[in-house]
Amino acid sequence: MERKTLILILLSSILLSGCWNKRELNELSILLGLGVDKEQDQYVVTAQVVNPSEIASKKGGSGKAPVVVYQSKGDTLLEAARKVTTAAPRKLYFAHMRILVFGEKLAKEGIGGIVDALLREPEVRNDFYITVAKNAKAADVLKVLTPLEKIPANNLFNSLEASAKSWAPTEGVTLATLVNNMTSNGISPILTGVEIRGNVNEGANLKNIERTKPKTTLDYKGVAIFKQDKLIGWLNESESRDVHYALGKVKSSVGNVKCPQGGNAVIEVMGIKTKLAANMMKGKPQGSVRIKVRGNVGEVECKGLDLTNPNSISYLEKASETALKEKIKLTIGHVQKNYQIDIFGFGEALYRSEPDAWKKYKKNWDQTFSEMPVTVKVDVSIRQTGTISNSPLNNMK
Amino acid sequence: MLEKGKISSHQFTIMIALFIVGGSVLYVPAGLIHTAKQDAWLASILVVGLALLLVFMLNALGSSFPNMDFAQYCEKVLGKWLGKLVSLLYFFYFFLSTATFVRQFGDFVIIQLLRETPILAVHILLIVIMIMAVRYGLEPFSRAIEIFFPFILVLFVIFIISIMPMIHFHNALPILDNGIKPVLGATVKSLGTPYLQLVLFLMVFPAVNQTKPAKRSFLLGTVLGGCVLALVTLMSILCFGAFFSENQQFITYVLALNINIGGFWQRIEAIMAFIWFITIYIKITLYFYGSVICMGQILKLKEYKSLTFPLGFITLFLSLIINKNIVESDQQAEWWTVFSLPFGLLIPLLLLILSKVRKKA
Numbered sequence: 001m002e003r004k005t006l007i008l009i010l011l012s013s014i015l016l017s018g019c020w021n022k023r024e025l026n027e028l029s030i031l032l033g034l035g036v037d038k039e040q041d042q043y044v045v046t047a048q049v050v051n052p053s054e055i056a057s058k059k060g061g062s063g064k065a066p067v068v069v070y071q072s073k074g075d076t077l078l079e080a081a082r083k084v085t086t087a088a089p090r091k092l093y094f095a096h097m098r099i100l101v102f103g104e105k106l107a108k109e110g111i112g113g114i115v116d117a118l119l120r121e122p123e124v125r126n127d128f129y130i131t132v133a134k135n136a137k138a139a140d141v142l143k144v145l146t147p148l149e150k151i152p153a154n155n156l157f158n159s160l161e162a163s164a165k166s167w168a169p170t171e172g173v174t175l176a177t178l179v180n181n182m183t184s185n186g187i188s189p190i191l192t193g194v195e196i197r198g199n200v201n202e203g204a205n206l207k208n209i210e211r212t213k214p215k216t217t218l219d220y221k222g223v224a225i226f227k228q229d230k231l232i233g234w235l236n237e238s239e240s241r242d243v244h245y246a247l248g249k250v251k252s253s254v255g256n257v258k259c260p261q262g263g264n265a266v267i268e269v270m271g272i273k274t275k276l277a278a279n280m281m282k283g284k285p286q287g288s289v290r291i292k293v294r295g296n297v298g299e300v301e302c303k304g305l306d307l308t309n310p311n312s313i314s315y316l317e318k319a320s321e322t323a324l325k326e327k328i329k330l331t332i333g334h335v336q337k338n339y340q341i342d343i344f345g346f347g348e349a350l351y352r353s354e355p356d357a358w359k360k361y362k363k364n365w366d367q368t369f370s371e372m373p374v375t376v377k378v379d380v381s382i383r384q385t386g387t388i389s390n391s392p393l394n395n396m397k
Numbered sequence: 001m002l003e004k005g006k007i008s009s010h011q012f013t014i015m016i017a018l019f020i021v022g023g024s025v026l027y028v029p030a031g032l033i034h035t036a037k038q039d040a041w042l043a044s045i046l047v048v049g050l051a052l053l054l055v056f057m058l059n060a061l062g063s064s065f066p067n068m069d070f071a072q073y074c075e076k077v078l079g080k081w082l083g084k085l086v087s088l089l090y091f092f093y094f095f096l097s098t099a100t101f102v103r104q105f106g107d108f109v110i111i112q113l114l115r116e117t118p119i120l121a122v123h124i125l126l127i128v129i130m131i132m133a134v135r136y137g138l139e140p141f142s143r144a145i146e147i148f149f150p151f152i153l154v155l156f157v158i159f160i161i162s163i164m165p166m167i168h169f170h171n172a173l174p175i176l177d178n179g180i181k182p183v184l185g186a187t188v189k190s191l192g193t194p195y196l197q198l199v200l201f202l203m204v205f206p207a208v209n210q211t212k213p214a215k216r217s218f219l220l221g222t223v224l225g226g227c228v229l230a231l232v233t234l235m236s237i238l239c240f241g242a243f244f245s246e247n248q249q250f251i252t253y254v255l256a257l258n259i260n261i262g263g264f265w266q267r268i269e270a271i272m273a274f275i276w277f278i279t280i281y282i283k284i285t286l287y288f289y290g291s292v293i294c295m296g297q298i299l300k301l302k303e304y305k306s307l308t309f310p311l312g313f314i315t316l317f318l319s320l321i322i323n324k325n326i327v328e329s330d331q332q333a334e335w336w337t338v339f340s341l342p343f344g345l346l347i348p349l350l351l352l353i354l355s356k357v358r359k360k361a
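Taken in order, these protein sequences are the chains called A and B.
In terms of this note's numbering, the first sequence opens at residue 1 and continues consecutively.
In terms of this note's numbering, the second sequence opens at residue 1 and continues consecutively.
Quick caveat, the hints were computed from the structure, so don't treat them as lab data.
Treat each hint with caution, since some may be false.
To be verified - Label pairs and their in silico Cβ distance ranges: (1) A:L11 <-> B:E328: 26 to 34 Å; (2) A:T76 <-> B:V188: 35 to 43 Å; (3) B:L52 <-> A:K165: 28 to 36 Å; (4) B:V188 <-> A:H96: 20 to 28 Å; (5) A:Q340 <-> B:V188: 39 to 47 Å; (6) B:E139 <-> A:I9: 49 to 57 Å; (7) B:E328 <-> A:V254: 57 to 65 Å; (8) A:Q340 <-> B:N247: 24 to 32 Å.
Ideal placement from N, C-alpha and C gives every residue a C-beta, glycine not left out.
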C-alpha cells in the first residue's frame, strides 16, 4: 500500500509538474509606460518597453535607445494591446508599469472603458501613476527620451513623485483613487497633466539626450478636471497648488510673501495639515477648509526686514496667511464658477458628517457645490529662519 | 469510533481557528461590505457573538456523547434508519462543501497566479495531498497544523503591520448611515459562511483527549478565527473604503498587493497567498475527513481508509462541475447560508433536545 502511494506521488510529480505558466525574462517585453489615445473610433495603444540589453550593461550599451515604443490600433484596449505582438517579438508584461498616459482627446471622450480593463487584468498592479497628455497625444509623450533616468517612464514617475514632494502642483494619482473618485457622487477625479516642450521628433531621437539641455523635455503642467470619466477642463500650475493645499496633499512647497517695504520673502513650507469639512448651516450646506502650515523662512529678497525681531516673524506669518487664504479661496471660487464640479470632496465630507442631509443633495451635488459658500482659514507658524538671521541685504547701503 | 487517534485540546483550538480563517479570509470581507457597506466590520464582530451561542449548543451536544462522533449519535438518537438518512444528508453536505472549496482554491489560483494552467492540474495536486492527509489520520494531520500555525500567525501579523500605512480612518464614516438593518443582515449572512460550518467539528470532537478542555477550545478557536476575519474586514474598509472593496473578488489579496513601504517593502502578496493556501487546505481536508468518516459510519466499516481514494476521485470531478463559472460560485455563496441552516443549526438543535428528553424519560 505504502509503495503504491509512493508511486502515485512520484508519478504525479512527473506528470503534473513542469512549467505551464513559465515566463522567462527573455520572453517578456517589460512594459513601463502605457499610452492610450483615440483615433476615429479606435484605441491606439502605445507601449514603452525596456530594451534590456541597453539597460543591463554597465558599459553604457551599444548606443541604441534604452526603450522601444510599439504602437497598435484596435476597437478595444485589450485587442490593441495584444496586437502589439504583431510588431514586438514578445508578449507585453504589465506588472512593472510605472506610468499610464491618456491622450487629451481620449480623456475628453471618456476613460471609463480603459479603467475597467486595467482593474480586471490581474497583471496590472496599483502602484503606477496616471497622467493626461496636455495638448498632445499620449503616444508622443512616450516617445520622448529623457536624460538622467534612462527610461522615460521612470523619469515621468520619479519626476511626478519628486515634484509632488517638493513643489506641490502635481500629485501622483493611482488607479484605485481614480476609480473611487470616478464613481463617487461626492468627489470628482483630477489627474496631473504632462506637456511636451519642444519638438516630438527631435525628442524621440537619441541625440536629444546627448545635449546638456535637451531640445525636447516632458514637463508636468497643471491639473485636468474630470466629470466622472470625461475631461472637462484644466487648472494652471498655481491653481493646482491651491487645490492640493485644500486637499492636504502638500508635503513641501514654497510661497512668496510681500515685505513691508517692497520685495519678496519666501516661506518654505515644511508640512501642512488640512481639515476639509462640510456642514449644514441654517439648512444649507457649507464648506470649510482649515489649513495649518508649518514653515521656515527660506529666502529674503528685501531690505529692512529685521528677522531678529519676533514681530517680523508674526508679520510674515500674517502676510503669508492672508496671501495663501486669498489664493485658495480664489481657486475654489474659480472651480465653483467655471467648472461646477466638486474636485475637493466636500460632498464626501458632507456625507461623513451629515449622512441624512447628504441624501437630499446627493443627486444634484455638483450644482449644490457650485453655489455653496466655502470658508478658508489658514494658520501659518514659522519655526526657523535657516542658517542666518538677518539678510546681508540689510547691511548693504 | 472509526478514529483511533487522539488530539490535544490545544491542537483542536488551532484547527478550529484556521478552519474559520480558511477560505473565508479572501471572500468574506467583500461579501460583508457589499451588504453592510462601511459598517461591515460591526457585522463581523457581532457575528462572533452569535457564533459563540452556536458553539455553546454544539458543545452541549458533543459533550453529551463524549465518545461518539456525530453520525453515531444520529443513529442512536433518531433510530437506525432515520439516523442513517440524516447521516447520509450530512455526508452530502460535507462532500459538496469539500468540492466547493476545492473549486474556490482552483478559481483563485487560476485568476490570480497561474492563468494559463488548466484548473484540473491545480485540483489534482490539492486532492492528492488531501487524500494523503486523511489516510495518515487525524493525529498526524493535527500535528502538521500545529507546525504551520506559528508561520501563519507571524505572516498575518506582518501583513497587518504592512498595511497600516494605508489606513484612512475617514473611510469608516459615517457609522450606521443606513441604519442597523443591513448590519444585521450581513451578520446573519456571515453566520452561514463560515460559522454554521462548525458543525463539522462534531465529527472531530470525540477525538479530543479530554472533553472539558475541548469545550473551551471550541469557544477559543471560534473567537480567534472570528477576530482574524473581523480584523481583515475592518482593514479592507479602512484602507480602500466600502466602494472599492465590495467589487473586488479577493479584497484581502488586493490589500497585500498594495503594500508599499518606502519603495522596497512591496510585492509581498505571496504572504497572503501562503496564509490562504495553508488555511484552505486545512479546511478542505477536514471537510473531506468529515465526509469519509460519515460514510464509514453509515456503511458500518471497520476502517475508513478504503474510502479515501474513491471519494477523492469523485471530489475531483465534482469540483470541476459543481459550478460552471465564477459568477455561479459567487451566487452559491449567497444561498449557501440558507442551505447550511438546517445542517449547522436546526438538526443539531433537534438532536440535542431529543437526547435530553430521552435521557429524562
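> Any hints this thing doesn't respect? Which numbers, in order?
Replying inline: 3, 4, 6
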